[in-house]
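Undergrad: Given the coordinates of chain A, work out where chain B should sit on it, guided by the hints.
As you go down the protein sequences, you meet chains A and B in turn. In case it helps, my numbering puts the first sequence at residues 305 to 416. In case it helps, my numbering puts the second sequence at residues 3 to 118.
The set of hints was computed from the structure by calculation and includes no laboratory data. Built from N, CA and C at the ideal position, the CB exists for glycine as well. Among the hints, a few may not be true.
What the hints assert, rightly or not - Part of the chain A face toward chain B, derived, beta carbon under 10 Å:
#, residue
1, Val317
2, Gly320
3, Phe337
4, Tyr340
5, Gln342
6, Gln349
7, Asp353
8, Phe393
9, Ala396
10, Gly399
11, Ser400
12, Gln401
13, Gly402
14, Gly409
15, Val414
16, Lys415
Said to hold, decoys possible - Once the Cα atoms are required to be at most 30 Å apart in a straight line, the calculated DSSO-like pairs of lysine-lysine come out as:
#, chain 1, residue 1, chain 2, residue 2
17, A, Lys411, A, Lys346
18, B, Lys11, B, Lys38
19, B, Lys24, B, Lys73
20, A, Lys361, B, Lys11
21, B, Lys69, B, Lys11
22, B, Lys24, A, Lys372
23, B, Lys24, A, Lys341
24, B, Lys43, A, Lys362
25, B, Lys43, B, Lys21
26, A, Lys341, B, Lys69
27, B, Lys43, A, Lys341
28, A, Lys415, A, Lys372
29, B, Lys38, A, Lys341
30, A, Lys408, B, Lys24
31, B, Lys43, A, Lys415
Listed below are the residues making up each chain.
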Amino acid sequence: GENVEQHPSTLSVQEGDSAVIKCTYSDSASNYFPWYKQELGKGPQLIIDIRSNVGEKKDQRIAVTLNKTAKHFSLHITETQPEDSAVYFCAATWGSQGNLIFGKGTKLSVKP
Amino acid sequence: DTAVSQTPKYLVTQMGNDKSIKCEQNLGHDTMYWYKQDSKKFLKIMFSYNNKELIINETVPNRFSPKSPDKAHLNLHINSLELGDSAVYFCASSQADGGLVGETQYFGPGTRLLVL
Numbered sequence: 305g306e307n308v309e310q311h312p313s314t315l316s317v318q319e320g321d322s323a324v325i326k327c328t329y330s331d332s333a334s335n336y337f338p339w340y341k342q343e344l345g346k347g348p349q350l351i352i353d354i355r356s357n358v359g360e361k362k363d364q365r366i367a368v369t370l371n372k373t374a375k376h377f378s379l380h381i382t383e384t385q386p387e388d389s390a391v392y393f394c395a396a397t398w399g400s401q402g403n404l405i406f407g408k409g410t411k412l413s414v415k416p
Numbered sequence: 003d004t005a006v007s008q009t010p011k012y013l014v015t016q017m018g019n020d021k022s023i024k025c026e027q028n029l030g031h032d033t034m035y036w037y038k039q040d041s042k043k044f045l046k047i048m049f050s051y052n053n054k055e056l057i058i059n060e061t062v063p064n065r066f067s068p069k070s071p072d073k074a075h076l077n078l079h080i081n082s083l084e085l086g087d088s089a090v091y092f093c094a095s096s097q098a099d100g101g102l103v104g105e106t107q108y109f110g111p112g113t114r115l116l117v118l
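Excised from the complex, chain A in its bound form (with noise of 0.2 Å):
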């Protein structure tokens, strides 16, 4: 099955730096790759996605990329605002019904 590994599980940074997460995953056929942000006591909410025949998507400050024949991607934050701080997590598709597996997750601090 499916393993998605996400690193670190934990980062620091200062207002206005750039912030990196780095997930790999195992499954040559996964197709869908999302980034979830989840804010204290609420759920998952979707930042951005890429999809496997794309290397690269950017929205404003997020950024993800994609290697697929590294089976890695990664999504880049800059400029990082106090309110970037929160989990996040990677997922990648498994299986069908468009199953996702989760990473297990990045605590984003920005200090002001």
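TA: Below, chain B without anything else, positioned relative to chain A:
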């Protein structure tokens, strides 16, 4: 106009009881899911379901059962609750049609279950 809603938000109960969590989505999606998030924040899929197929994560005890009265609802029934069932349970939905193509999943706000 919440897209995916769950009730109750909090559930405190005794060991051995049977309880249900309700989930509704108004997005017109075909597939719904249940996830368990433990105290370490690990998110694990429990079930995925559309009108064609129920897929069960093999690690889920058979005390847990999903029930879908219609396409917009997927409720979670838990029998004989145990201490280890304490967690946050999230419902989600997507437009996935049962094939191999992944689609965005939209999550509900979660149900915090505490078993005493």
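Undergrad: May I ask which of the numbered hints given earlier this structure violates, with the numbers listed in increasing order?
TA: 1, 2, 15, 16, 20, 22 and 28
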